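Go ahead and model the full structure; you've got the sequences and the hints to work with.
Chains A and B, in that order, are what the protein sequence lines are.
For the first sequence, the working numbering begins at 1 and goes up steadily by one.
For the second sequence, the working numbering begins at 1 and goes up steadily by one.
Treat the hints as calculated values from the structure; they're not laboratory data.
Just to be clear, a hint being listed does not mean it is correct.
As the list claims (entries may be wrong) - Stretch-level coverage of chain B by chain A, calculated; a stretch enters the list once three of its residues show a Cβ under 8 Å from a Cβ in chain A: (1) 42-56; (2) 163-169; (3) 172-179.
On a predicted model such as this, the values are computed, not experimentally measured, just so you know.
The C-beta atom is built at its ideal place from N, Cα and C for all residues, glycine as well.
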Amino acid sequence: MKYVFILLLFLLSGITGHTTKLHVGSDKKYKQIKQAIAVAKNGDSIIVFKGLYKEGNILINKSVTLIGINLPVIDGDKRFEVLSVKANNVTISGFRIQHSGYATLDDPGGIKVYESMNVKIINNDVYDNFFGIYIQFSKKCVIKNNRIISFGKEEQTIGNGIHCWKSDSLQIIGNSISGCRDGIYFEFVNNSTVWNNKAFNNIRYGLHFMNSNNDAYYANNFSKNGAGVAVMFSKKITMRNNHFADNWGDAAYGILFKEISDCILTGNTFDKNTAAVFMDGSNRTLVENNQFTNNGWGLKIQANCMDNIIQKNNFIKNTFDVSTNGTLLLNQFKNNYWDKYTGYDLNKDKIGDVPYRPLSLYAVIVESNPTSMLLYRSFIVSLLDQSEKKIPSLTPENFIDESPLMKALKL
Amino acid sequence: MNRILKYILLDILKNKFVIAYTIMLAVIGWSSFTLEDNSAKGILTLLNLILLTVPLVSILFAAIYIYNSAEFIELLISHPIKRKDIWLSLFGGLAGSMVLAFILGAGIPLLIYSDFSQSVLMLAIGIIITVIFVALAMLCTIIYKDKAKGIGLTIILWIYFALLFDGILLFLMFQFSDYPIEKPMVALTALSPIDLSRILMLLQLDSAALLGYTGAIFNEFFGNTKGMIISFMLLLGWIVLPLIISLKKFNRKDL
Numbered sequence: 001m002k003y004v005f006i007l008l009l010f011l012l013s014g015i016t017g018h019t020t021k022l023h024v025g026s027d028k029k030y031k032q033i034k035q036a037i038a039v040a041k042n043g044d045s046i047i048v049f050k051g052l053y054k055e056g057n058i059l060i061n062k063s064v065t066l067i068g069i070n071l072p073v074i075d076g077d078k079r080f081e082v083l084s085v086k087a088n089n090v091t092i093s094g095f096r097i098q099h100s101g102y103a104t105l106d107d108p109g110g111i112k113v114y115e116s117m118n119v120k121i122i123n124n125d126v127y128d129n130f131f132g133i134y135i136q137f138s139k140k141c142v143i144k145n146n147r148i149i150s151f152g153k154e155e156q157t158i159g160n161g162i163h164c165w166k167s168d169s170l171q172i173i174g175n176s177i178s179g180c181r182d183g184i185y186f187e188f189v190n191n192s193t194v195w196n197n198k199a200f201n202n203i204r205y206g207l208h209f210m211n212s213n214n215d216a217y218y219a220n221n222f223s224k225n226g227a228g229v230a231v232m233f234s235k236k237i238t239m240r241n242n243h244f245a246d247n248w249g250d251a252a253y254g255i256l257f258k259e260i261s262d263c264i265l266t267g268n269t270f271d272k273n274t275a276a277v278f279m280d281g282s283n284r285t286l287v288e289n290n291q292f293t294n295n296g297w298g299l300k301i302q303a304n305c306m307d308n309i310i311q312k313n314n315f316i317k318n319t320f321d322v323s324t325n326g327t328l329l330l331n332q333f334k335n336n337y338w339d340k341y342t343g344y345d346l347n348k349d350k351i352g353d354v355p356y357r358p359l360s361l362y363a364v365i366v367e368s369n370p371t372s373m374l375l376y377r378s379f380i381v382s383l384l385d386q387s388e389k390k391i392p393s394l395t396p397e398n399f400i401d402e403s404p405l406m407k408a409l410k411l
Numbered sequence: 001m002n003r004i005l006k007y008i009l010l011d012i013l014k015n016k017f018v019i020a021y022t023i024m025l026a027v028i029g030w031s032s033f034t035l036e037d038n039s040a041k042g043i044l045t046l047l048n049l050i051l052l053t054v055p056l057v058s059i060l061f062a063a064i065y066i067y068n069s070a071e072f073i074e075l076l077i078s079h080p081i082k083r084k085d086i087w088l089s090l091f092g093g094l095a096g097s098m099v100l101a102f103i104l105g106a107g108i109p110l111l112i113y114s115d116f117s118q119s120v121l122m123l124a125i126g127i128i129i130t131v132i133f134v135a136l137a138m139l140c141t142i143i144y145k146d147k148a149k150g151i152g153l154t155i156i157l158w159i160y161f162a163l164l165f166d167g168i169l170l171f172l173m174f175q176f177s178d179y180p181i182e183k184p185m186v187a188l189t190a191l192s193p194i195d196l197s198r199i200l201m202l203l204q205l206d207s208a209a210l211l212g213y214t215g216a217i218f219n220e221f222f223g224n225t226k227g228m229i230i231s232f233m234l235l236l237g238w239i240v241l242p243l244i245i246s247l248k249k250f251n252r253k254d255l
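Written as structure tokens, this is what we have:
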């Protein structure tokens, strides 16, 4: 029994001895993070105290946990990639990572993760880097509660906030991203979740999907970006409960869909965007329970879209609720609330008895001749619009909501 | 001059038609804000009112009033009063009373229910349009001594500004859609006070849609303070020009 106890003690000391804590700071054993990494073993923790660390490129090639106390600053001196992670199970938290180099060939980032698993990047300030956080060929990484700020002026000279390339099962949660090219960029990234992030004032898109499938984003806030979200060449993307606001300007969209299929867009709110949703070559997308308010265009649905279902949405105070560029319509509109609907409901089932044609003649005219926007709300235009509503001749015959709602849905 | 102005102003304000006009504006103004669930729709109803009804009533009423007071004007001319004073008092009395009717009728609900900057702009536009069409009416009445012809001309002018001009613009836009016509179009809109007012208001209401595409050019011009000032100067020009022409004609006219 005594021997067993000693053996246990021995084992325990072995485990604790295995996870040593290495302290880094101006008055600590290690003056540099690099020195600590050099002597660390897999599973060790490196505690970094407040200070400025200019060590060029720091390579993390062991499974260590880096913890910053009182926000130590790691500076890339505008020449180096700041942190490069090339090991599994690395955690980086509590740092301010700033001033990475700028190079278009190898895309240096504030934190760049190469072919690793289970990397966690939590609670960092990522400030003024070329790319903020860059993940490539990695799996099961978590990027959580980081604040990424850059000062990009034009698309060519700044990278993305969180850039993910050929990765799988990522979780991107609670970050705030501004001033980058794209807030979050996904290319060949599957099975990943983007939740509760804020992307604002980015030059191009808040969130950008390219060739990425089976992803989801929930409860994010996209405002004042070139376009809120762009989903391109992707399948099975779920988009729920996001908020898109103030994506203004020439060719600005809340969401831009390009060549996508089988996506779900539900429970989102779109407020004050030039065009809330722009659909180009999108198939089998369900657009449900969304709130479109104060947009220039609620839904721009191009003639090359097929089998989309648009139901139970509120369209309120938009200049144009929907618009299209052709005469073909292979999509279904039903049970939406349109604030411009003027029909009646005799049997009181809360569904209007007269079908509603959401596409106004003038939306078609403006689509083919944008200058004519100048005459919008003039008497002659209202006259044209009204006569078209009664006897449709120029607008597609089947562009119709057969069962419009009388009252707005409570969303 | 002041005494004549005061007399004309009081005479018009007592006029049943002006009282009815005020009540009509008030009924439409209040109901458009209280019946609609959002104030944006109310403002659109009022915008249509300002762009259609207000000019029609202003130009017709002013013209009819001047024709009806032809004998009164002759009487005044026989007194030692400058012709300029008579004509300007007439203009002041007509414009003042119509503007007062507009403010009392439409202005109050507008200020109460709508967004402050929007309602102030709308009120300014409504006032200017009223005055412009009174000035145009004075020009019409001085051109034709015959009442029927003069009133006919005012109606034609109204149809032209409210309907035909936009039709012509739309036609031109489609004829020249292959060319960069945005800037000439901005210049052309200066030719109609109603269009100019509508675009000023449009930038407040539908700026989202205008910002897209070529709207950027309009916004660049009308949206900044310089453009605003220029458009208001143009609108003032629409008051001053007809008034001066009519005044010159009145000075030389053999009554």
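Hint by hint, here is what the structure shows:
Chain A is given as covering the region 42-56 of chain B, and this holds because 5 residues of the stretch bring a CB closer than 8 Å to a CB of that chain, at least three being needed. Counting residues of the region 163-169 of chain B whose C-beta lies closer than 8 Å to any C-beta of chain A gives 4; at least three are required, and the coverage claim holds. Under a criterion of three residues with beta carbons nearer than 8 Å to beta carbons of chain A, the stated coverage of the region 172-179 of chain B is upheld, 3 such residues being counted.
Violation of the numbered hints given earlier is absent; every hint is satisfied by the structure.
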